[in-house]
Structures are given as C-alpha cells and as structure tokens.
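Chains as they are written, first to last, in our numbering: chain L, 8 to 267; chain H, 8 to 267.
One or more of the hints may lead you astray.
What the hints assert, rightly or not - Distance condition first, Cα-Cα at most 25 Å in a straight line; then the derived SDA-like pairs of lysine to any residue:
no., chain 1, residue 1, chain 2, residue 2
1, H, K184, L, Y257
2, L, K211, H, P195
3, L, K184, H, T190
4, L, K211, H, F265
5, L, K184, H, D161
6, L, K173, H, A258
7, L, K173, H, A264
8, L, K213, H, N253
9, H, K173, L, S193
10, L, K184, H, A264
11, H, K40, H, D230
12, H, K211, L, Y261
13, H, K213, L, K184
14, H, K173, L, Y261
15, L, K213, H, K184
16, L, K173, H, G45
17, H, K211, L, K184
18, H, K184, L, S193
19, H, K173, L, M252
20, L, K213, H, G255
21, L, K29, L, T94
What the hints assert, rightly or not - Cβ-Cβ distance ranges computed for the label pairs, FRET-style:
no., chain 1, residue 1, chain 2, residue 2, range
22, H, G18, L, R266, 29 to 37 Å
23, H, R254, L, A258, 31 to 39 Å
24, H, L191, L, A151, 26 to 34 Å
25, L, N72, H, G18, 43 to 51 Å
26, H, F19, L, K97, 39 to 47 Å
What the hints assert, rightly or not - Short, incomplete list of chain H residues facing chain L, as computed with Cβ under 7 Å:
no., residue
27, L172
28, M175
29, F220
30, M223
31, M251
32, R254
It should be emphasised that the hints constitute simulated quantities derived from the structure, not laboratory data. Values in this document were obtained by computation on a predicted structure and should not be read as measured data. Don't be surprised by glycine CBs; every beta carbon is placed ideally from N, CA and C.
Protein chains: 2
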Amino acid sequence: MILIGERINAGFKDIKEAIINKDPDPIREWAQKQTEKGATYLDVNMGTASANPDDFLWMIDTVQNEVETPICLDNNKLNVQKLAIPTCKKPPLVNSVLAIDEKMDEIFPTVAEYNASIIGLSQDAGGSPKNADDRMVQAGNVFAKAMEHGLDPDQLFLDPIVMPLKFMQEQAPEILKAAGQYTLFSDPSPHIVCGLSNISNGAKNKSLMDRTFITMLIANGADAAILDVMDDELVNAILTAELMMNRGIYADSYIEAFRG
Amino acid sequence: MILIGERINAGFKDIKEAIINKDPDPIREWAQKQTEKGATYLDVNMGTASANPDDFLWMIDTVQNEVETPICLDNNKLNVQKLAIPTCKKPPLVNSVLAIDEKMDEIFPTVAEYNASIIGLSQDAGGSPKNADDRMVQAGNVFAKAMEHGLDPDQLFLDPIVMPLKFMQEQAPEILKAAGQYTLFSDPSPHIVCGLSNISNGAKNKSLMDRTFITMLIANGADAAILDVMDDELVNAILTAELMMNRGIYADSYIEAFRG
C-alpha cells in the first residue's frame, strides 16, 4: 500500500503557524514522525497560509533536508507545481489535476519529464461526480490523456473523489463501484488513491469510519491513500486488507514486521 | 446485516459439557447473551458431543424456551435437519447443504414447506473449491436447484467457503471475487453468508482479521455471517460497512442505536 502522510498541511494549526513564522521545526517533526510510521510519500500543502510559491519550495526543502521520503506536492496551482517538481530529490507525486484537457496538457509533460507521478481526479469543470458512471467517464479521460503524454499506468493515481458519508451517503457505494471499474483500464492497472478522511468529515467515529472505508476500497482495488499514518488501527486494518488481497505473504508477525 | 451467533456449538467446551450433562444453563446463557448483542439467528450445533438427534432437539427447545431469536440449525446429517425444522417456532436457517443434487433434493422440499432458509455451500462431492470460477459453478448449481424447488432467492444463503488466510492465502481474493459474482444471480440477489472465523484459523490477530475480512466481503455483497456477536469491534465494523453500502441511514448515534 502506498501511504501518503497527510499531516504537513496548513489545514493543521501547527503547520500553518510554521509557514507564517518560517519555523521549520513542526515540519521537520512531522516529516520524521510520519516517515517512522511507514509513510511512502509525505503530502506537503501550504493551503491558505501563504500565496508565495517560495514558501511552498521552502516547505519541500525543509522536508527533504530531514528525511528521504518522497514528496506528494499538494498545491492547487499548476504553475507552482511545475516550479516545485524539479526541486524534488526523488520523483514526486503531484496532487492533483482535474479531468480537464487544458489542465492535463499543462502538467503532464513536466510529470513525464521528471518521471514523477500524478493524482488524476474524477472531476471536470462540471463539478463533483454524481455517481460511478460519471466517475468512470472522468477517469477514462484522465487515463487516455496520460497515455497520450507517454505516462506509464504506474505513474497515474486515479482518485474517485471521496465525499462525506454523513452528508452524501448515497455516494459511498458509487465511489466503491467506480474504484472497482478503474482496475480494468490496464493490466497492471493505474494506482487507485483517495483522500480518506473526507469519508468521515463531520461525523463521529472518524477513525472507525476511515479504516472501514479504506478496507472496502482496497477490496475494490485501491492501493494508495492520503491518510493519517499516525493512526495505528487504521494502518493495521490496511496491512490486514492487503494480505486478504494476497499482496505480500502472511506471517504471524506481519504487523510487527511493518512497524519494525 | 444478518448476524448468526456462533456460540452454541459443542466446539466450545462449556456447550459440549452442557450437552453431555443435559445442563441447560450454558445454552440458556449464550442464547440470552447473543440475543442481547443483536444476533439475528442463533446457530445450534452439537458437534461430536452426541450422535443422538434427541439431544439436538433438546438444544433447540432449550434455546426456544429462553429467547425468541430464530435458530440456525447446524447439523451435518440432513435427516436430523428434517426432524428439527418442524420443531422450530420461527422459520429456521438450515446450515448447510453441499452443491450435490441428491442432497439438495433431499432437504429443499422441507425448507420450502416450512418457509425456512438454507445455506448452500459452494462445494460439491469433489471437495473444496479451488478458485472463484469453481465457486461460481457450485453456487450456480445451488441457485438453479433452489429455484427448481420453488424457493425464493431470499430463502437462499450462498456460502463461498471461507478458508484460513494463514494456510491458503491465495484463496482470500478468490472468495471475495466469488461473492461479488453471487450478487448477479438475481435482483434482489440471494443472501451471501460465510463462516467468518475460518479466515483467522490458526492466525494471530484473529479479531482484526475477522473484522477486516467481513468488511471486504460486505463490499462484495455479503449480508450475513456466522460470527462472534460478542466481539463489539467486529460488530461495529459491520455496522459501519453497511452504512458505506448505503444500507440504513447514517446518524451520529448509529452504534449506540444498534446497541440500545
């Protein structure tokens, strides 16, 4: 499983203050802690704390000076992403691009040039997807455009767009169904990723909901998630679900082996 | 979700002794406790504690004198099952029949007559199923035979045969895949059930493995399981997975509501 640590994000108060004060310590600390917990990538997002691309580059540098874990570049401006990609020591994961031709044509060449990967959203200019079929159409456009630009399916992370169960419950089975269909694009299939905590947005029992939903999404082919890697129960559920998919070999010590 | 409480089974020492000593108390106690925990059916199995059908009927009577929860008749002799079905106050679930024509022809008429339900195994005289396709062939035979005998899909519980992850890991994704295919037999589909604890047989982290696997099986259409209803974390995972499938309406208090 590709675990993308969500914590270096200005949506969290300590990171927001770190950016404003140019204090590297909280960023270093979360880079270290998430890496120790097994993060495959570290998401880096400056949110509304700054509009200055240099602050984004500073965050990336701060992480890269602390750990070797590759970066998941999380910025909603593609021109900032294009600035950031070449500064990454290891090929980054670019988070994210909408299923809009001009947007994809803008970012895919740089992704290809730097052997990076990219999260393609199942969403176009028309707004949020309404059901599984809608998601499949958007993801199909992303997949076709990625192939056109010479990306390998392994460089593409399809995101079915997770929505809060509490407010849009009818979307949950549509998301699961869409993920199952994404596995059919190629063999091996593109990666399937989600922003996991969206499912429990506004709800009680967040951790239970997150681990239940990702387990179900893994059953439908997901192999990546942006999540709280500090949540041991969540990661234990993921490790177990992966064994059920016959990815990796069972040993009684499979959890300890991951933690070690 | 149809929760079938596994605990009144001579595989557990207290139940074995209860049968041998004709002591109704352990049976009464587990009937009560599992009912309080939300069991839909109570599995009753005398295992090797006795070969006398009267002991099976005594167990059933003991349960029925204590609670109103319907019985899941768990006996490997179909003639004993046929004796037991008419003694049930509520239509029982018969556990189970192999996908063998003569066996199904022997039990289905009584199931139909008493408006009972039956678990049909994805296994014939040739032994355990080897993969998803094999399971699908067996389940197809069960489904066709059940329809031939006038059963409603709602009376049929298809069991993909869960096998231990520790010893037969490659079977886990095959089981999940088979379940997903069973949902296509009819609309609404037959029930999909499993003997859940088989997945963690011989393994560590049994509860984690059980709740992870049932969550994945629910994502593939399962709506029933024989399980440890006393395991709150397991039942919480099931309640949450059902919400993700948009069965039942989300409320912040969904767990408390079930427990209440």
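Results of checking the hints against the structure:
With a CA separation close to 20 Å, the supplied pair H/K184 and L/Y257 stays within the 25 Å bound. This hinted pair does not check out: L/K211 and H/P195 have alpha carbons roughly 31 Å apart, beyond 25 Å. Restraint check: the Cα-Cα separation between L/K184 and H/T190 comes to about 13 Å, which is no more than 25 Å; the hinted pair holds. For a cut-off of 25 Å, the pair hint linking L/K211 to H/F265 stands: about 15 Å separates their Cα positions.
Under the criterion of a C-alpha separation no larger than 25 Å, the hint pairing L/K184 with H/D161 is consistent with the structure, at around 24 Å. For a cut-off of 25 Å, the pair hint linking L/K173 to H/A258 stands: about 7 Å separates their Cα positions. Taking the CA atoms of L/K173 and H/A264, the gap is near 16 Å; set against the 25 Å cutoff, the hint holds. For the given pair, L/K213 sits about 17 Å from H/N253 by alpha-carbon distance, which is consistent with the 25 Å threshold.
As the CA atoms of H/K173 and L/S193 are separated by approximately 30 Å, the hinted pair breaks the 25 Å bound. Restraint check for L/K184 and H/A264: not satisfied, since their Cα atoms lie roughly 28 Å apart, outside the 25 Å limit. With a CA separation close to 22 Å, the supplied pair H/K40 and H/D230 stays within the 25 Å bound. With a CA separation close to 10 Å, the supplied pair H/K211 and L/Y261 stays within the 25 Å bound.
Restraint check: the Cα-Cα separation between H/K213 and L/K184 comes to about 28 Å, which exceeds 25 Å; the hinted pair is violated. Restraint check for H/K173 and L/Y261: satisfied, since their Cα atoms lie roughly 11 Å apart, inside the 25 Å limit. With a C-alpha separation of about 28 Å, the suggested pairing of L/K213 with H/K184 is violated against the 25 Å cut-off. For the given pair, L/K173 sits about 24 Å from H/G45 by alpha-carbon distance, which is consistent with the 25 Å threshold.
A distance of roughly 31 Å separates the Cα atoms of H/K211 and L/K184; the hinted pair therefore is violated under the 25 Å criterion. At roughly 18 Å between alpha-carbon atoms, H/K184 and L/S193 fall within 25 Å of each other, so this suggested pair holds. In summary, the hint linking H/K173 to L/M252 is supported, as the alpha carbons are separated by about 13 Å, within the 25 Å threshold. As the CA atoms of L/K213 and H/G255 are separated by approximately 18 Å, the hinted pair is consistent with the 25 Å bound.
About 19 Å separates the Cα atoms of L/K29 and L/T94, which keeps this hinted pair within 25 Å; it holds. Between H/G18 and L/R266 the beta carbon distance is about 33 Å. The supplied range of 29 to 37 Å therefore holds. The beta-carbon spacing between H/R254 and L/A258, approximately 35 Å, falls within the hinted interval of 31 to 39 Å. In this structure the supplied range 26 to 34 Å holds for H/L191 paired with L/A151, their Cβ-Cβ distance being about 29 Å.
Under the hint 43 to 51 Å, the C-beta atoms of L/N72 and H/G18, about 58 Å apart, miss the expected range. Judged by the Cβ atoms, the range 39 to 47 Å given for H/F19 and L/K97 is violated: they are separated by roughly 53 Å. With its C-beta approaching chain L no nearer than about 6 Å, H/L172 sits inside the 7 Å limit, and its interface hint holds. Interface hint at H/M175: violated, since its Cβ lies 10 Å from the closest Cβ of chain L, which is beyond the 7 Å cut-off.
Interface restraint check for H/F220: the shortest CB-CB distance to chain L comes to about 6 Å, inside 7 Å, so the restraint holds. Interface hint status for H/M223: upheld, as the beta-carbon distance to the closest one in chain L is roughly 4 Å, under 7 Å. Among the interface hints, the one on H/M251 holds; its C-beta lies about 5 Å from the nearest C-beta in chain L, closer than the 7 Å criterion. For the restraint placing H/R254 at the interface with chain L, the shortest Cβ-Cβ distance is roughly 9 Å, beyond the 7 Å limit, so the hint is violated.
The earlier numbered hints that this structure contradicts are 2, 9, 10, 13, 15, 17, 25, 26, 28, 32.
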